[in-house]
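I would like the entire structure built from these sequences, with the hints used as guidance.
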Amino acid sequence: MDISLDDIVATLSKQPRTGWLIKGIEHPEMVSDHTFGTLFFSFLIKELYNSKIDLPKIDLPNLLAMTLVHDMQEIFTGDITPRLKSYFTQSLIGETYKDLEFMYLNKLLDYLPDKSKIFIGELFNEFCKEESLQAKIARKIDIAEMLAQAYEYEKIGHRRLDEFWSWADLCNNDDIISKLMDAIVRKRYFLQAVLSISYQRFESSCHHQSKELAERVKRIDYDRWSKRDTSIKDYFTQEHKLSSMDISINVLDVGCGLGSFSRFFLEEMPDTSIVDGIDINPFLLKEAHQRWSGRINTLSPCDIGWYWDIPSEEYNVILIGEVLEHVFNPRFVLMESFRVLKYRGLLIISVPNSFHKEKMERYETQQRIELRSQEQHIRYFSPQSIKEEVGYAGFKIIKMVGLEKEWVNSFDMDINDLLSEKPKDAWTILVFAEKMDEREINDIGIIPAPDRMGEDKTLYKFIKEHHMFNSYCKIHAFIEAVYKAKLLRFNIQDNNSETIAQQTFRLSFFALVIAIEFGYDSELAIKCVLLQGLEETHLCEFIHSIRALINLDTRRKAVDDLLSFLPSDIKDAILKTYDDNLYNDLSDEGAIARFLLQRDYMRHNINFKIINSYNYPFDKFISLINSLQNQYHHES
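Our numbering puts the first residue of the sequence shown at 674, with every later residue one more than the last.
Wrong hints could be hidden among the right ones.
As the list claims (entries may be wrong) - Quick list of the computed label-pair ranges, beta carbon to beta carbon:
hint	residue 1	residue 2	range
1	L694	S839	16 to 22 Å
2	N779	K828	35 to 41 Å
3	E986	D1252	30 to 36 Å
4	K828	T945	40 to 46 Å
5	K687	N1278	18 to 24 Å
6	Q1166	Y862	38 to 44 Å
To be verified - Below are the DMTMM-like pairs computed for lysine to aspartate or glutamate, each with C-alpha atoms no more than 20 Å apart in a straight line:
hint	residue 1	residue 2
7	K1230	D1242
8	K1157	D1233
9	K1060	E1107
Rather than coming from a laboratory, the hints here were simulated on the basis of the structure. Virtual Cβ for every residue (Gly too), placed ideally from N, Cα, C.
Right, dumping it as structure tokens:
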């Protein structure tokens, strides 16, 4: 039978991951898609170990190569689930499953040159034994990639995947991969919380980002001073001892809408003060910027119910006006507020009092559904509950003000007697709270925040970890963006062609073999193929014949855009690798990657013009690949 080494390696592009099939996922990822994912995890893990993150520096010279070959035996065995592996005993077929793995891996290695045959064989043996640090990390990456894919399936509605998530418990440790897995698991909890609420349409992006919502907010907004604004001014000028004449402060308006809650700061504070606004609705951000003639600095649209792309301890004041009742996880928003506030920073919150006597009367007259629908609220607060939420997030309440309907009048609320009759007259609750430090939090004895991964931790440590997970969630967001390579095909006009992920996996394998045979840096060669895969991933909505014509500057921009999900130090390190090896000039390892991609395009009778601009002697690569293919043809 006429079969090439390309074809035999590409077998993994036709081998579905059995565990997903068993769970009823009709078109699951293939083994090569999974390996592509583990390669990117390994790439990022190595960058994390080399980044400024306060973690031990560990030498992992062949981590990418190990994750590349860890499932190569499945070319012949197929993807066998852990349950099925347990049936491979001496009494059953005379071999353990590991014996079977080695036997079939050797079948593949027999067609490789001596250097790569020995290198890959030793690396696979190290992985299977799981004794070295590198092998243990590679096994964790294997599991982490599975969790990331489970998250992808749950995002689109697949259920009954809990047994896959239980694997995270086997990797409980204080290392980079465990933290990344924890971040993915936490995002899953967040996803489940959203899906479990029957009124999630109120928080859906299509609702909150809509132009219709912006128009409605404009109609009901009071573009004038209200008692709420006066209460804020009184607090600052009388009680907070802050002179509006000579002190500049940084203010963040969370869910700013039209900027109405910032009125005092925009109109009374000096021009040197900064007011930033964040919101999910781009139309409201634009209106706010125009209304205040650019005085409010509206940041890019973002979901305030998730991590904010804002440095820690950046602001003196955080404003959250009529927002918390619309988000699924108010505590998350409050913890982000704690993070971005400076020490002794002030948090000002305005929320509807859901236990106002008039609202309670409406509720008691069986208007429950209508009330929720009319107000579009998914969280309800009383003076007592908002006090607890604010305290839980590390703030000490200084003052609470009750605002009557339409904010005509206001009255002070005794925070030590929140069950009195007077708070029931408050249509809206205005809260002034101060950020506490670690000592104060511990002295007051606020209930420790339960860590959803297991043990109880102090509130301060929990909030610090909350910020730390932001970096890992950014890394997972990058992985989510890259995973479209598992869905879009090299040729989008041909449903039978490889996905970009499958192609990148196959080219990575050949890059490993070529680099070993010629004595180049095999890790760098794989990295160059992965970076080239990023180009293809971000451009793969073009048909491949058009993609082949795109110039190098555009490809570099595509990589830059895709890397924008990552923390800046990691992004910069990866871009330097790209620039040094694929953009500014071709290193030997970069040449391997470009040669393999050009060869793939030529196999489809397409001229890949990027390579033509380089003057590099590719003949030796061609000779090696041809000899590999001829040898495999002969043996087959």
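Task: Indices of hints not satisfied (ascending) - done: none
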